[in-house]
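Peer 1: As given, the protein sequences belong to chains D and Y, one line each in that order. In case it helps, my numbering puts the first sequence at residues 1 to 288. In case it helps, my numbering puts the second sequence at residues 1 to 276.
By construction, these hints were calculated from the structure, which means they are not laboratory data. Treat the hints with caution; some may be incorrect.
[What the hints assert, rightly or not] Restricting the straight-line Cα-Cα distance to at most 25 Å, the calculated cross-link-like pairs of lysine-lysine (DSS-like) are:
1. Y:116 with Y:106
2. Y:264 with D:284
3. D:284 with Y:106
[As the list claims (entries may be wrong)] So these bits of chain D aren't anywhere near chain Y, every CB distance computed over 10 Å:
4. 63
5. 81
6. 85
7. 151
[What the hints assert, rightly or not] Derived list of chain Y stretches under chain D, where covered just means 3 residues or more per stretch with a C-beta under 8 Å from a C-beta of chain D:
8. 20-33
9. 82-95
10. 152-161
11. 246-257
All values derive from a computational prediction rather than experimental measurement. Even for Gly, the Cβ is constructed at its ideal location relative to N, Cα and C.
Residues per chain are reported as follows:
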Amino acid sequence: MATQHSKSAARVMISPAVIFLLGWMIVPLVMTIYFSFLDYRPLRGVKECCVGFQNYERFVTSSSFTESVITTLIMVGGILLITVIGGILLALLLDQPFWGQGIVRILVIAPFFVMPTVSALVWKNMFMNPVNGLFAYLFKFLGLEPFDFLTQAPLFSIILIVSWQWLPFATLILLTATQSLDSEQLEAAEMDGAPVLSRFFYIILPHLARAITVVILIQTIFLLSIFAEIFVTTNGAFGTRTLTYLVYQRVLESQNIGLGSAGGIIAVILANIIAIFLMRIVGKNLDR
Amino acid sequence: MARAVTTRRKTITTIVAWAIGILIFFPILWTILTSFKTEAEAIADPPSFLFFNWTLENYTLVQERSNYFRFLMNSVILSVGSTLLGIIIAVPAAWAMAFVPGRRTKDVLLWMLSTKMLPAVGVLFPIVLIARTLNIYDSYILLIMVLMLINLPIIVWMLYTYFREIPGEILEAARMDGAGMREEILHVLTPMALPGIASTVLLNIILAWNEAFWTLNLTTVKAAPLTAFIASYSSPEGLFYAKLSAASTMAIAPILILGWFSQKQLVRGLTFGAVK
Numbered sequence: 001m002a003t004q005h006s007k008s009a010a011r012v013m014i015s016p017a018v019i020f021l022l023g024w025m026i027v028p029l030v031m032t033i034y035f036s037f038l039d040y041r042p043l044r045g046v047k048e049c050c051v052g053f054q055n056y057e058r059f060v061t062s063s064s065f066t067e068s069v070i071t072t073l074i075m076v077g078g079i080l081l082i083t084v085i086g087g088i089l090l091a092l093l094l095d096q097p098f099w100g101q102g103i104v105r106i107l108v109i110a111p112f113f114v115m116p117t118v119s120a121l122v123w124k125n126m127f128m129n130p131v132n133g134l135f136a137y138l139f140k141f142l143g144l145e146p147f148d149f150l151t152q153a154p155l156f157s158i159i160l161i162v163s164w165q166w167l168p169f170a171t172l173i174l175l176t177a178t179q180s181l182d183s184e185q186l187e188a189a190e191m192d193g194a195p196v197l198s199r200f201f202y203i204i205l206p207h208l209a210r211a212i213t214v215v216i217l218i219q220t221i222f223l224l225s226i227f228a229e230i231f232v233t234t235n236g237a238f239g240t241r242t243l244t245y246l247v248y249q250r251v252l253e254s255q256n257i258g259l260g261s262a263g264g265i266i267a268v269i270l271a272n273i274i275a276i277f278l279m280r281i282v283g284k285n286l287d288r
Numbered sequence: 001m002a003r004a005v006t007t008r009r010k011t012i013t014t015i016v017a018w019a020i021g022i023l024i025f026f027p028i029l030w031t032i033l034t035s036f037k038t039e040a041e042a043i044a045d046p047p048s049f050l051f052f053n054w055t056l057e058n059y060t061l062v063q064e065r066s067n068y069f070r071f072l073m074n075s076v077i078l079s080v081g082s083t084l085l086g087i088i089i090a091v092p093a094a095w096a097m098a099f100v101p102g103r104r105t106k107d108v109l110l111w112m113l114s115t116k117m118l119p120a121v122g123v124l125f126p127i128v129l130i131a132r133t134l135n136i137y138d139s140y141i142l143l144i145m146v147l148m149l150i151n152l153p154i155i156v157w158m159l160y161t162y163f164r165e166i167p168g169e170i171l172e173a174a175r176m177d178g179a180g181m182r183e184e185i186l187h188v189l190t191p192m193a194l195p196g197i198a199s200t201v202l203l204n205i206i207l208a209w210n211e212a213f214w215t216l217n218l219t220t221v222k223a224a225p226l227t228a229f230i231a232s233y234s235s236p237e238g239l240f241y242a243k244l245s246a247a248s249t250m251a252i253a254p255i256l257i258l259g260w261f262s263q264k265q266l267v268r269g270l271t272f273g274a275v276k
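All chains, full assembly: derive it from the sequences and hints.
Peer 2: Shown next, in the form of structure tokens:
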């Protein structure tokens, strides 16, 4: 049994972590909230208090905000669609017995460990470049016009790059979940003559439901702040400016701190809505 | 009863799985191959896969031109430094939460996790401002602190899930033998917790190594790690594929190797125990 003594000792042991995280979260966030109510443009020497909700109003009503939200939704949605469906199929495949399972698993997981700037640059130059990229050669070989991915389909190209990076994550988690599936249940269904598709929809998919939810939620949180891939490939041009990137540009490029901070707070609120759902699932799991 | 699998089916699965595995791995393989080509061969039409004159000149050129090892050292210092600092802060916290859980332990854990979900852009300007005011912009101390703070929730969480698996009876037995809290941690808990701590360290070094928002926005030269070094290749156009590949290969090789060791911990570390 925990004594009073050990309880207060425990509190002391937890406090550094709590204080650090509290400082990390509260101090900058309060500063951002404060800045969001200022007209603050350091490059022009403007710093005026307090403009009320003007920054929020201007940020939300600007066409770039609407565009960035749509871009974000398409980008995150597209990546989720590819990684979740691809992840389920890959997990089911890797769960089958075959020769060299360990090596194939390593090959499939590898992209997750490639740093974002590397994967963006490699894809941009060595694959998607319309002159010297490998895709250009492939297109020419097939007798097609080379396709300039990053100018003609920039959003799709980034979705492809990021999906490649996150497919291993989805696969690994779904594979872990697949392996905990009771194989006797599947066998019974097979013996009863249930076809492959109905086995998939009535046994496998319900079993994976929670893992899929977790993959979607965790990826969404990480994907909402995709930065390096956009920074390296299009720098936010050609309709690839996500909400995160818009805020970054307002704050660091055009140095409109007030407006950017208001955008930052909006991004925080949107991310928190998703975070709440994830926390519920994680919290439920803690009780067991 | 194990499922009977016919050899035919196993052969087909093997072929399909290997084909897909190689396809997914191909961009990495291609980068590694290109790094051994000359710049002319790197953009040769048609591209050659294996039959070219293998050369190491790109590796020496990258080092000579851009002082690659400086960036490598910075990556090592930042990722290892931030992880170790995080471990020092997180071990006592995770220990206390796992073995002396209070009424609010669950809330504290979830709250810590929620800090991880704060979008970085929301606090970008304040952090830049604080860094400039304290005159620590582009310094090790700033980057180590920031990387430590963004990974601290994951470190605490991972350690907590590992510590919770250590049976409490062992601690009670040690306590009966008169061990104090210090002895408990040093002589009983630490040896049992070491594998968990090692996996946590490994995964967090990887995460810190690949972190690209803060390292791009808070460094210029002095503390810039490999993420920033590679991003500097994005501007000049022209014949630089082989050098880009050599630089990329060197930037990802150490982490690929570490990553293969930590693939099992990845699930635990990034799903916060929600998938087992």
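Peer 1: So, for every hint listed, does it hold in this structure?
Peer 2: To see whether the hints hold, each was checked on the structure:
no.: 1; hint: Y:116 with Y:106; in the structure: holds (16 Å)
no.: 2; hint: Y:264 with D:284; in the structure: holds (23 Å)
no.: 3; hint: D:284 with Y:106; in the structure: holds (10 Å)
no.: 4; hint: 63; in the structure: holds (20 Å)
no.: 5; hint: 81; in the structure: holds (17 Å)
no.: 6; hint: 85; in the structure: holds (14 Å)
no.: 7; hint: 151; in the structure: holds (13 Å)
no.: 8; hint: 20-33; in the structure: holds (count 9)
no.: 9; hint: 82-95; in the structure: holds (count 5)
no.: 10; hint: 152-161; in the structure: holds (count 3)
no.: 11; hint: 246-257; in the structure: holds (count 5)
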